[in-house]
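Q: Spelled out from the first residue to the last, the chains are:
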Amino acid sequence: MTATQEPTRQAEIGRDRRRKEDQRLITGRTRWTDNITLPGMLHLAMVRSPYAHARITGIETSAAKASTNVVAVLTGADLGEGQGACINAWPVTTDQVTPAHLPMPTDRVAFAGETVAVVVARSAAEARDAAELVEVDYEELPAALDLKEAAAAHENGGVIAHPDLGTNVSAVWRFDSAEAGTGGDVEAAITEARAGGILIEREYRQQRLIPAFMEPRSVVVDPTGEQITVWSATQIPHILRFALAATTGVPESKIRVIAPDVGGGFGGKLQQTPEEMIAFAVARRLGKPVKFTETRSESLLTAHHGRDQWQRLTLAATSDGRVTGLKVDLLADLGAYVAIVGGGVPVLGAFMFNAIYKFPAYQFQTTNVLTNKTWTDAYRGAGRPEATYAIERLMDELAAEVGVDPLEIREKNWITHEEFPFTTVAGLEYDSGNYEAATARAKEMFGYDALRAEQAERRAAGDRVQLGLGVSTFTEMCGLAPSRVLGSLNYGAGGWEHAEVRMLATGKVEVITGASAHGQGHETAFSQIVADRLGVPFEDVEVLHGDTQISHKGLDTYGSRSLVVGGEALVRAVDKVIEKARPIAAHLLEASADDLEFKHGQFSVKGTDAAMAITEIATAVFAAHNLPDGVEPSIDSEATYDPVNFNYPHGTHLCAVEVDTETGQIKLRKYVCCDDIGVVINPLIVAGQVHGGLVQGIAQALWEEAVYDENGTLVSGSFVDYLLPTAADTISFEIDHTTSPATTNSLGTKGVGEAGTIASTPAVVNAVVDAVRHLGVNDITMPCTPERVWRAINDGSSGGETPEAAMPHFDSAEGDVQ
Amino acid sequence: MIPAAFEYVAPTTVEEALAALAEHGDEAKIIAGGQSLLPVLRMRLNAPEWVIDLGRIESLRGVRDGGDHLVIGAMTTHHDVGQDPLVHEHALLVSKAITHLADAQVRHRGTFGGSLAHADPGGDLGAPALALGSTFVVQGPGGTREVAAGDFFVDLFETAISDDEILVEVRVPKHDGWVASYEKFVRIAHQWPIVAVAATLRMEGDTIAEARIGLTNMGSTPLRASAAEQALVGQPATEEGVAAAAALVVEGTNPPTDLNGTAEYRRHVATVFTRRAVLAAAGRG
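Chains as they are written, first to last, in our numbering: chain R, 1 to 818; chain Y, 1 to 285.
Just so you know, the hints here were simulated from the structure itself, not pulled from any lab data. Any given hint could turn out to be false.
Stated by the list, open to error - Chain Y side only, calculated, beta carbon under 7 Å to chain R, not exhaustive:
(1) I2
(2) D120
(3) I188
(4) L259
(5) A263
(6) V269
To be verified - Here are some chain Y residues the structure puts well away from chain R; computed CB gaps all over 10 Å:
(7) Y8
(8) A10
(9) W50
(10) D68
(11) L86
(12) E240
As the list claims (entries may be wrong) - Sample of chain Y residues lacking proximity to chain R, with all beta carbon distances greater than 10 Å (derived):
(13) E58
(14) G62
(15) H108
(16) S226
(17) G241
(18) D258
(19) G261
All C-beta atoms, glycine included, are put in the ideal place defined by N, C-alpha and C.
Please put together the full structure from these sequences, using the hints given.
A: So this is what it looks like as structure tokens:
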């Protein structure tokens, strides 16, 4: 027992803490999966199909088996049912068509890159060498490649990606505000607008993207213990364990999954992958540890892709620009299989096309289509970038039609800050926000009026380089997700998160979260939260995660959920620790529990200077010599939190670009954003998330595109042709925040992991179109390549298709390479 | 990304390298800085049984004054060529092109001769070497021979170097007092050029007295734009003076169509960038 004066300490929440995990992550001297080596470990190499669609008529493995240090060569038939299956956790409709997805198919491949055999050898190099010796006989089948053609194939005798299914349409999912009772009839609004208002009809392309996380996927499986241990570069260790157990028959209690340090994901590691399943099956078969680490080429080819939609959009408005209805009709390319949440990605966008606006009528429909291409699934934003792009592009088009500034048309339609909480036409209740404040701040930072004046001057002078200003006033739904809502959408799991707090005898604190960080900075941000709430030093908090034996409950990290759901679980677990400590403190301080107050880590008796630190109570509980009768010797606590609502960050993003009208080349001139993400835990981490997110969204607008040729070969199969930007390609961003605390969690936080990516794409494309709108352009297909911009300027088109050919720099098998 | 196994030899003289090449012939590949060969090996687009590394042959490194020309050793890194004061003084166009070549890491590993011998039409050095009328010195079992720039580049990834020869040096005629610019068109910074134009001029006052123009990625080899060069002579370095000549650069070109642009678009960009390169060289850009 100590009598102390009021301690002074700096609040951790809101502090620019450098990330405690960075030193080991950046130096690489840490537990990346591929760094793990076990005694007797064997290495795998995959034999992959070069064909988009083919029947497997024979696999000759004898030469590979005879190769140096090869232990086994196994096919799908060899592994049989033991290989399990890749699951779809979200059948979006009860009659969804879902092709069976074996990790290694036995009779037919459905996309180029699919694994048909696995070579097991004593070294990775020997496995790779032997993989070259496996001879697979294929009977090539016609491949369903074009999304629009595939969608109609069952009606016109077109090519079917999985012939047995008879159709490429996996599901049609629909929402209609009139049917749901959340709004009016969109067809009536369209009819009225056609008669005497404004009708904007557009078709936009969401190109296919590749998540391109920094660390390629890697998996190590050790079957030699009582439990089978799986290390995987995954975002979802808990879900992976469930899927392994559910599809292989191995009891869940016999499987331990560890996501050690994981180098990025962006949704790309939100998957139960065929490679994980194959490694698991091979390890079990051979009884030895195995490792598989993909090459970058394999990663680009076979890790799931993102986006890939056609969006048919109809916006009805009055002649002065008040929107009366929005109709959305999507085609979404699922690729060859319905991935773990693949079919749900467009559905996640369904509630977001109405964005920050008060639309009286709304209808959404997505047709999810199977093709013979790499499967698609979540990619940073998952459904919401697509929705935000569509509506923010349309609002600019409406502004142009009415002849007013794009910000004016938004203000005319947005929800005002007095109207929160606001139930939208899509049926969501937005808890908080202030679009006026974020927009005012962004305009001020941007120097909006001065840039508009410069734009007018350049137009008047007919400058070769024109200036364009792009607006994106986005919101998103994140913090996935209320379990009941997920249930109503037929999703196969809940959306809660779990946390535990262990009070160690030495006064240190272990925090366990079911979220699974892969670059976000959870260790740092969660330590800040706990340090503040529990009144212990930041350095004394250890955050543990990503190991199902330590973090036994969890639903992992995606959908900007870790802080707003996982953080709330953590707050509740901390509060339980304090409440469990209270009677013990009262006992030790010889006071009534009602007379205690807890502040800065100490229980003190009101009106006295008697106090005791919670860490001292932890020590006393460890000794357990002097506890009140009937009180268990533990103040450790856990909490599982199921969110009551989604979480709605928003922001105003403004982008200025210079377009060289002679070549179509685009140069970023200025980018500012004012995001409202509620209360900020660590501004430095938030800035990192925003900057990285912006670059990823800008890259969709300008650079990135996964392109297949007419045979279904991925043409953009290396970073020569899949253009990832570097720091050299971007500019310094100016970011700021307004704060409308979320009302649905204790800390008032909102998600930020996806915000930058969701907001920036339309800001950039709006800017590009704005730069050349006076030349007769009203759309440019993404990515806005210089050639597309040039063609748009010259022929008024949206720029045409991407040529399906790669640069030949590395095809020089016969060249004079020196 | 593991290459197939290969045997490796790193001779210290050109003669030893030639002997290794003679011994292993078709089964061997020469590696210089490895910036093109290593990706090819790692992606298993080629699997030579032998790799002959020129990296330890000191005589192939460095830049020296050869009188009316510079001698650039084939194994001199891009970085070293780019920083060399002799190159800056006598072959400014080469210096300018190297500042745009790939990124700092590549410039420190990649070599002048390696890049030229690889003969990627998208490489940044072919057009300047061609425009400056360089001579390529190759050495084989029978000694050295000289190949004129116009004869060196044969086709995509194909040069006049025979299977038993090694490129040992490049002789670049001095262009003292010539101004220069290398205008490279890319979508992202570390890309190969979609199109690039190498232009160097001898100015007499405001008038172009002589011009040399090379084109990158406008055909299966680097190209020299002779018609445009001639048309520029006597012209003032103004937008109007240069525009008509610039339009001639597309003559004889056969650019590729790929993800980054169609042939038609590349021709358009080549025209625009020729005008800009000439004006930039003349200090009017």
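Q: Take the hints in turn and mark each one as holding or not.
A: Status of the hints after comparison with the structure:
Satisfaction of the interface hint for Y/I2 is found here, the shortest Cβ-Cβ separation to chain R being roughly 5 Å, below the 7 Å cut-off. This hint holds: Y/D120 has a C-beta 6 Å from the nearest C-beta of chain R, less than the 7 Å allowed. At its closest, the beta carbon of Y/I188 sits 5 Å from a beta carbon of chain R; the interface hint therefore holds under the 7 Å criterion. Nearest Cβ of chain R to the Cβ of Y/L259: about 5 Å, under the 7 Å cut. The hint holds.
The restraint placing Y/A263 at the interface with chain R is violated, with a minimum CB-CB distance near 9 Å, outside the 7 Å limit. Hint status for Y/V269: holds, given a least beta-carbon distance of 6 Å to chain R, under 7 Å. With a cut of 10 Å on Cβ distances, Y/Y8 stays outside the contact zone with chain R, its closest approach being about 15 Å. Chain R leaves Y/A10 outside its interface by the beta-carbon criterion, the shortest separation being 14 Å against a cut-off of 10 Å.
A cut-off of 10 Å between C-beta atoms confirms that Y/W50 is not in contact with chain R; the least separation is 13 Å. No Cβ of chain R comes within 10 Å of the Cβ of Y/D68; the nearest lies about 27 Å off, and the non-interface call holds. Separation of Y/L86 from chain R is adequate, the least Cβ-Cβ distance of about 24 Å exceeding the 10 Å criterion. Distance to chain R confirms Y/E240 as a non-interface residue, since its nearest Cβ pair spans about 15 Å, more than 10 Å.
The Cβ of Y/E58 sits about 17 Å from the closest Cβ of chain R, beyond the 10 Å cut-off, so the non-interface label holds. Every Cβ of chain R is farther than 10 Å from the Cβ of Y/G62; the closest lies at roughly 18 Å, confirming the non-interface assignment. Here Y/H108 stays apart from chain R, with its beta-carbon at least about 17 Å from theirs, past the 10 Å limit. A cut-off of 10 Å between C-beta atoms confirms that Y/S226 is not in contact with chain R; the least separation is 24 Å.
Distance to chain R confirms Y/G241 as a non-interface residue, since its nearest Cβ pair spans about 18 Å, more than 10 Å. Annotated as non-interface, Y/D258 brings its C-beta within 10 Å of a C-beta of chain R; the closest such distance is 4 Å. At roughly 5 Å from the closest C-beta of chain R, the C-beta of Y/G261 falls inside 10 Å, breaking its exclusion from the interface.
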